[in-house]
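Asker: Using the hints, position chain P against chain S.
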Amino acid sequence: MTPSQFNMRRINMRQIIGKISLWFAVLVIVSPAILFFLWMVSLSLKFEVDNAAYPPVFIPEHFAWKNYADVVASNRFVTYFFNSLIVTGSATALALIVGVPAGYGIARMAAHKSAIVILIARITPGLSYLIPLFLLFQWLGLLGTLVPQIIIHLVVTVPIVIWIMIGYFETTPLELEEAALIDGATRWQVFRHVALPIAKPGIAVAFILAVIFSWNNFVFGIVLAGRETRTLPVAVYNMISFDQLSWGPLAAAALIVTLPVLLLTVFAQRQIVAGLTAGAVKGG
Amino acid sequence: MSALTQSTPGAAQSAAAPEKELRPPSYWPFVVPALVVVLAIIIFPWVFTIWMSLNEWKVGSSTTFVGLSNYLRLTSDPRFIEAIGHTLVYTVLSVVLPLVFGTFAAVVFHQKFAGRGFLRGVFIMPMMATPVAIALVWTMMFHPQLGVLNYLLSLVGIPPQLWVFHPATVIPSLVLVETWQWTPLVMLIVLGGLAAIPTEPYESAQIDGANLWQVFRFITLPLIMPFLFIAGMIRMIDAVKSFDIIFAITQGGPGSASETINIYLYSVAFSYYDLGYGSAIAVVFFLLIVLLAAVMLYARQRMLWTEIASDA
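As you go down the protein sequences, you meet chains S and P in turn.
Under the numbering used here, the first residue of the first sequence is numbered 3, with each subsequent residue one higher.
Under the numbering used here, the first residue of the second sequence is numbered -6, with each subsequent residue one higher.
For the record, the hints were derived by calculation from the structure and aren't laboratory data.
A couple of the hints might just be wrong.
In silico SDA-like pairs for lysine to any residue, Cα to Cα no more than 25 Å straight-line [what the hints assert, rightly or not]: (1) S:K202 to P:S19; (2) P:K105 to S:V28; (3) P:K51 to P:R66; (4) S:K115 to P:L281.
Pulled out of the complex, with its shape left as it was, chain S reads as follows (with noise of 0.2 Å):
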């Protein structure tokens, strides 16, 4: 064996063995994920006996399907379901059809200054919102409805509409609105259909983002919502505490309730990379 081929088999060697412990690590990161989302899987699908069991089972041989029929047909899971969809729906809605001009006045005024506010928001605790808003909801009447989850839910997706549109509108030509403006056209219209089409994909990341952190909010939910108004990480919370005591159904409804949420994720990952990047907003 020449020394020149010592070296490739060498070089190779090196190559494989690099391979074989980034495939490795890629397993040791990717696994807490992978294998806490089976489990639950696992949890919904199995009868008590089988959640009771030491040790555990992982794979059942009966699937208990009626944990998620349990689910669905019991305590008001449908109102609550389309509860959680009006609030996150409404909340997010309105942040768009607000923050996404507001996005576009602050990015072309160059009022970079006002965006302290957003970060301000940013660190302020959920619950410093919750005190004088309760108190303003119900010197209002409001409470009972949905009316103050959407509006406090505001909280959540206005500064992400706001934060994630002004980073955008920054980036998009300006050349196209001025040739518009030129042109003889009036500022509402230069955003109506030469802005605006452009940032699609920017309202598009807006969009999810709010619509996540809406969704999963919990704690306006905990206060503001009675019985019949409950969005759905209230009503999981309160089957902890009240009517469930076994785990398939619980783990069932767990699943249910996160898993628009999960599917968003894995399908639009690429937008939801981008404005976490860009701005890594969190609401409440």
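Answerer: Positioned in the frame of chain S, the structure of chain P alone reads:
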């Protein structure tokens, strides 16, 4: 508020000198609806919280102005002082651990391998999942008799633990959940930093025969420092305010062993309905977060100055 109204025209004028005819005041209509919303749901609560903190304000009884006495009461409230301690321990651990694991994960995800995009999507699932839902599953996993975690420990010969059911292990157990949940955010931020690093230093290190650890320690780490700092800052702000996980798993228990400031604030405001005192806690809590952020900024400045000094 004052920062907004005062700074906007000034900042705009100075930035817009070449194309003045395109600039204010004509963009104001775009901002006004959002301004109204922000005033109503963000700035009004700030101002009103400060006002409430100066009053004896309980739900169902009349309010009286008491000046700073709510704040004085805080200084001799053992539960509040204990909560500060819990919050600091929880925060330090929940910043450091995700930073370490997140940096490692980012270095791995910076390599090219098959299925990287999909696996990155899987990796960030914990931070996007509904916190209450995952808290529920963790609670089951922590169960001393039936939980899967004690089974996993038994496989490697470690005796069963009480996890969140014992005062000594409750905070580390909750930090485990927090770390599992938020390591992905650190990974994403550091990954952004790695993408911006030039390749030249690595080439010369390879020629010099540096090993993997040396490359990481002397080239990668200094270059991603600014991103680690940002990640640490964001992590600190979120960890201090952590609520959903703690509330859903332990509600501050056992006893008050995991009661952080945010959990105590919730009890005071919405279990005892002592809104005046709760507002004072909220104000002090906010100031504490600002203080921690300032300390981190100061430490960062000091670090930069020492680096410059040692270079010279």
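Asker: To test your reading of the hints: which numbers does this structure violate?
Answerer: none
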